[in-house]
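Asker: In case you want the letters, here they are:
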Amino acid sequence: MLRADNVTYVHRAARAPVAGSRRGAGLSGSADFRPLPGVQQVSVSIDRGGSVALLGPNGSGKTTLLRLLAGLIKPQSGRVTLDGLDVAAIGRRELARRLAVVPQETHLAFDFTVLEVALMGRHPHLGAFELEGPRDLAIAREALDATGTAHLGDRVFATLSGGEKQRVVIASALAQQAGVLLLDEPTASLDLGYQLEIGALVSRLNLERGLTVVVATHDLNFAASLCRALVLIRDGHVQAAGPTEDTLTADRIRALYGVTAEVHFHQAAGHLTVVPLGKATHA
Amino acid sequence: MLIPPAQMLRRLTAVTSILAALLLLVTAARAQQGPQRIVSLVPSITEMLFAIDAGSRVVGVSSYDHFPPEVDNLPRVGALMDPDVERILSLRPDLVITYGSQTDLRTQLDRAGIPVFQDRHGSIGHITDTMKELGARLGVSTQAARAVAAFERDLAAIRGRVKRRPRPRTLLVIGREPQSLRAISVSGGYGFLHDLLDLAGGDNVFASVTRESLLVSTEEILAKAPDVILELHYSEPPAPQLIERERQAWKPLSAVPAVRNGKVILLFGGELVVPGPRATKTARAFARALHPEAVPR
Amino acid sequence: MPDVRRRLVLWTLAFGTLAFLAVIGAPLVGTTRIDFARVFDRSVRFADNVDAQIFFIARLPRALAAALVGATLAAAGVVLQALLRNPLATPFTLGVSAGAALGAMLAISLRLHLSLWGVSAITGASFVGSLVAVAIVYALARARHQGFSTNVLLLAGVTLNSFFSALILFVQYLADPSEALRTMRWLMGDLDVAGYAPILAALPLAAIAGAAFVWLPRSLNLLSLDADAAATRGVNVVRVQQVAFFSASVATGAAVSLGGPIGFIGIIVPHLVRLMVGADHRVVLPASALVGAAFLVVCDVLARTVMAPQELPVGIITALVGGPFFLWLLVRQK
Numbered sequence: 001m002l003r004a005d006n007v008t009y010v011h012r013a014a015r016a017p018v019a020g021s022r023r024g025a026g027l028s029g030s031a032d033f034r035p036l037p038g039v040q041q042v043s044v045s046i047d048r049g050g051s052v053a054l055l056g057p058n059g060s061g062k063t064t065l066l067r068l069l070a071g072l073i074k075p076q077s078g079r080v081t082l083d084g085l086d087v088a089a090i091g092r093r094e095l096a097r098r099l100a101v102v103p104q105e106t107h108l109a110f111d112f113t114v115l116e117v118a119l120m121g122r123h124p125h126l127g128a129f130e131l132e133g134p135r136d137l138a139i140a141r142e143a144l145d146a147t148g149t150a151h152l153g154d155r156v157f158a159t160l161s162g163g164e165k166q167r168v169v170i171a172s173a174l175a176q177q178a179g180v181l182l183l184d185e186p187t188a189s190l191d192l193g194y195q196l197e198i199g200a201l202v203s204r205l206n207l208e209r210g211l212t213v214v215v216a217t218h219d220l221n222f223a224a225s226l227c228r229a230l231v232l233i234r235d236g237h238v239q240a241a242g243p244t245e246d247t248l249t250a251d252r253i254r255a256l257y258g259v260t261a262e263v264h265f266h267q268a269a270g271h272l273t274v275v276p277l278g279k280a281t282h283a
Numbered sequence: 001m002l003i004p005p006a007q008m009l010r011r012l013t014a015v016t017s018i019l020a021a022l023l024l025l026v027t028a029a030r031a032q033q034g035p036q037r038i039v040s041l042v043p044s045i046t047e048m049l050f051a052i053d054a055g056s057r058v059v060g061v062s063s064y065d066h067f068p069p070e071v072d073n074l075p076r077v078g079a080l081m082d083p084d085v086e087r088i089l090s091l092r093p094d095l096v097i098t099y100g101s102q103t104d105l106r107t108q109l110d111r112a113g114i115p116v117f118q119d120r121h122g123s124i125g126h127i128t129d130t131m132k133e134l135g136a137r138l139g140v141s142t143q144a145a146r147a148v149a150a151f152e153r154d155l156a157a158i159r160g161r162v163k164r165r166p167r168p169r170t171l172l173v174i175g176r177e178p179q180s181l182r183a184i185s186v187s188g189g190y191g192f193l194h195d196l197l198d199l200a201g202g203d204n205v206f207a208s209v210t211r212e213s214l215l216v217s218t219e220e221i222l223a224k225a226p227d228v229i230l231e232l233h234y235s236e237p238p239a240p241q242l243i244e245r246e247r248q249a250w251k252p253l254s255a256v257p258a259v260r261n262g263k264v265i266l267l268f269g270g271e272l273v274v275p276g277p278r279a280t281k282t283a284r285a286f287a288r289a290l291h292p293e294a295v296p297r
Numbered sequence: 001m002p003d004v005r006r007r008l009v010l011w012t013l014a015f016g017t018l019a020f021l022a023v024i025g026a027p028l029v030g031t032t033r034i035d036f037a038r039v040f041d042r043s044v045r046f047a048d049n050v051d052a053q054i055f056f057i058a059r060l061p062r063a064l065a066a067a068l069v070g071a072t073l074a075a076a077g078v079v080l081q082a083l084l085r086n087p088l089a090t091p092f093t094l095g096v097s098a099g100a101a102l103g104a105m106l107a108i109s110l111r112l113h114l115s116l117w118g119v120s121a122i123t124g125a126s127f128v129g130s131l132v133a134v135a136i137v138y139a140l141a142r143a144r145h146q147g148f149s150t151n152v153l154l155l156a157g158v159t160l161n162s163f164f165s166a167l168i169l170f171v172q173y174l175a176d177p178s179e180a181l182r183t184m185r186w187l188m189g190d191l192d193v194a195g196y197a198p199i200l201a202a203l204p205l206a207a208i209a210g211a212a213f214v215w216l217p218r219s220l221n222l223l224s225l226d227a228d229a230a231a232t233r234g235v236n237v238v239r240v241q242q243v244a245f246f247s248a249s250v251a252t253g254a255a256v257s258l259g260g261p262i263g264f265i266g267i268i269v270p271h272l273v274r275l276m277v278g279a280d281h282r283v284v285l286p287a288s289a290l291v292g293a294a295f296l297v298v299c300d301v302l303a304r305t306v307m308a309p310q311e312l313p314v315g316i317i318t319a320l321v322g323g324p325f326f327l328w329l330l331v332r333q334k
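Protein chains in written order, with the numbering used here: chain A, 1 to 283; chain B, 1 to 297; chain C, 1 to 334.
None of these hints come from the bench; they were simulated from the model.
Check the hints yourself; a few may be wrong.
Said to hold, decoys possible - In silico EDC-like pairs for lysine to aspartate or glutamate, Cα to Cα no more than 16 Å straight-line:
| hint | chain 1 | residue 1 | chain 2 | residue 2 |
| --- | --- | --- | --- | --- |
| 1 | B | 224 | C | 48 |
| 2 | A | 74 | C | 228 |
| 3 | B | 263 | B | 246 |
Pulled out of the complex, with its shape left as it was, chain A reads as follows (with noise of 0.2 Å):
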C-alpha cells in the first residue's frame, strides 16, 4: 500500500567526505570526497500493517529513501504512491493523517510542554483558526498513554531524558491517527534502555494497533527484534528485500556492511540475532 516504483532521487551538490579524510565543506581537493548516492532506480512496496526496516550502513541512501516515502523530498524519476494515490498530488495536511513521521533527535526550540507537544500531532485535523477541543486533548492523552508518557503531561519537553523525549515525540506521531508510522533512526541516539523501551513501543503499535511501521535504521538487530520484512540498501541500490528470516543471511550482511557475522535464532529472544565476528577478509 506504500510504494516506491523506481524512484531516483539525486543531492545538488552533494559531496560526503571520505572516512578519515578531512572533514569541513569549502576544503578543495575532490580526491577527499566522493558523491551521495541518494538513492538510485529504487523499488519498494510496504503493505497495510507490516514491518519493514530500510538497513544499510551510513550514507546508503537510507534516509533518503525514507524521507521520499515521507513525501518530504520529491523524487526526480519514478513516484511514490500511498494507497494507490501519488504521495506528491495529495495535500500536505491529507498525507498527514495518513503518514506520520518520527525523527532521530528533537530539539525544540522554545519550552513547550509533553503534552503541547503531542498536542502538536492534531494539526492536520485542525481548522487554520480552530482551536483544540476535547475530543483532541482526548487524542492526544491517549497516545501518551500509549506510550506511557501520561504521567509527563506537564512537564517541559526539554527536560526529559532521550527516550521519554522519542516516546514523546511517538506519541506526538500517533495523535495524527495516520495508518503509516515512519521512523527514522529512532535509537541511533539512545542508550540500549531506551533502544528496548522504542522497540518494544514500536512493535505493540504494530502488532495490536495495526500500524504499518518503517524503519529506517542501520542496527541490524534493532532490526531483526522489531521487523518481520527488511529492505537491504547500500550505495542508493536495493541489493535485497524480503522477509527477514530469508533476507538476513551472513552473506547479505557481509555484502553490505563488508563485515563477517553469523546470525542465530535466539530462543530467549524470540528473534534472529546477529554477532559481528569481524571485517571481511576479501571482498
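Chain A is already provided as a structure; the job is to place chains B and C on it using the hints.
Answerer: Just chains B and C now, with coordinates in the frame of chain A:
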C-alpha cells in the same frame, strides 16, 4: 691706497656687528608679529582672524568656512570630523586652530612641532576673549582691541535700544525636523545664542536648563507658553512659500501664544550658527524680531 | 492545563487591561499640571485651550504611538524568534531596522523637505529603506536555496546589518554637523509625534502584519519542532516562513519609521511573556503585543518626565531597562 690690516679688521667687525644687529632686530620684529601661516578648522575663528586684520595670514580653512568671501579661494582641510592632516601639513602652517575635541589632531600636530590654538566656545565673552588672545598671539593687539571695541559697541547699542521695552518670553529653536514638530531642539540658558537673545531683549523660556542645546517635547513648549518663537535656519532663505510652509508646521500648537498671535519668526543665515564677529548681525536680527519698532532696518 | 482557549482569554484580558490602563493613564501623567476639567471643557475653543492641547496633541498621540510601536515590535520579535528558532532573535536581526535607519539618514542628510498626507519625508524614506532591506535579504535567502533556508536568511540579515550600519556611519561622517546631530537623535527613538497622521499612516501596515499574526501562531508552534517535523504534520513550511518573514519585516519597518529603532522591546517582552504564559505562540503572540504596548508607553512617560524639561530619547530608557534585564536572564540561566 692701501688700508692697513688692523683698520680693515676693525671696519669688518663693525659692518658685521651692524648686519648682525639688523638681522636680530628684524627677527625680533618678525617674532613679535607671531605666526604668519595659519590654518583654521573653526569657521568662527577664521572670521575673527579677518576681523582683527590677520586675514592675509590664513592659508587654509575648513570645509564649512564661507565668510568672508576671500576664504573661497583658500584650500580646504576638512572639518570637525574629518580633518585632513596631510593637507594641513602640506600648507606648512605655523599655527593651527582646532576644536577642543580634536585631541587626535592635536597630538599629530604636536608631534610635527606645530603650535595649536584650541577653540573654546560658550558665551559672548568667549568671543571677545578669543579675539584679544589671538590679537596678542599674532602681534595685532591694537587691531584686535579695535575690533573688540566695535563689537561691544554694536552690542551695547542694541542693548540700549531695547532696554526699557517689555521682554517677551521667547523660545529659541535651533533645530527641528522639517515640516513637522519632531526632534525640536532649543537653546538652553547657556551659550552665545542665549546671551544674544538676552541682550536683544528676550527672556529664554528654557533659561533654567544650563545647556547650550536640549531636546524638548511639544508638551514642554505648550507648558512654557512662549510669546515669540524664533527659529534659526543656517542657510540662505528659500522661496517665500516654503518659508510659510515651515511656519505652518507650528499650527497644531495653536494654544501657544506665539503661534496664536502669529509671532513665529524664522531667521535665515549662515552667520546664525557662528559665534564670531558677525554675532552682532545675529543680535540685531533677534532684536528686530522681538522689538520691531525699536530696531529699524 | 493546555486549555488554550481559556488561557488565551485569561491572558488577553489581563494584559489587555494592563495595556488599556497604560494608554489611558499616560496622558494623565506628566510634569506639567493640567486641569482635566478644562481639557474636556467644550466651551473653550480648542485652539486656545492649552490644557486640551497638552492632552490631545502632546500626550495622547505619544501614548498611542508608543502602544502601536511597542505592540508591533514585540509581536515581530515573537514571530522572528519562531522563524529563526532562536529566542535571541530580535526584529532588528535581519537588517530591517538598518535599512530603515539608512533611509532616514539619507533623507535627513539630503535635506528632503517634502511631506505627504502628514507623513514626513523622513518617515517615508525610512519605510522605503526597510523594504529595500527586506527585498535584499529575501533575494539572498532564495538565491542559495530552492526553498527558503532560515540559516541563509540569518546570514544574509546579519551581513546586511553590518553593511548598512557601515553606510550609516559613512553618511553621518559626511553630513553637516547639524544634520549629524539630527541623525543621531533619530537613531535613539522619538515618539513625540504631536499629531495623529503618522500613527494613521502606520496603521494599515500594522493591520496587514496583524492579519498574518493571527494566522501564524499554530504553525509557528509546529515550526519549533523543526522544518521536517512541521511538514509531516501538514504545515506548508515554506509558505509559513515567507509569511512570517514578510509580516514581521513589514511590521518592524512600519514601527521603526514611526518611532525610530527602539531596541530591546523585541527581545525583553517575548522572553518575559514566555516565562509567564508558556511557549504556545497562540497565547505568546497576542500577550506579547499587549505587554509590549504597555511597556513602551511606560518607557515613553519616563522619557518625558525623568529629566524634564529635557526629553530623554526613549531608546535610552528601553536600553537602561533592557541591559540589566539581560544580565539577570543570563545569571538565571546558570
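Asker: Is it true that the CA of residue 263 of chain B sits at most 16 Å from the CA of residue 246 of chain B?
Answerer: With a Cα-Cα distance of about 13 Å, the restraint between residue 263 of chain B and residue 246 of chain B holds, given a limit of 16 Å.
Asker: Taking 16 Å as the top limit, are the C-alpha atoms of residue 74 of chain A and residue 228 of chain C close enough?
Answerer: holds (14 Å)
Asker: Can the restraint linking residue 224 of chain B and residue 48 of chain C be considered satisfied, given a maximum Cα separation of 16 Å?
Answerer: holds (14 Å)
Checked against the numbered hints above, the structure breaks none of them.
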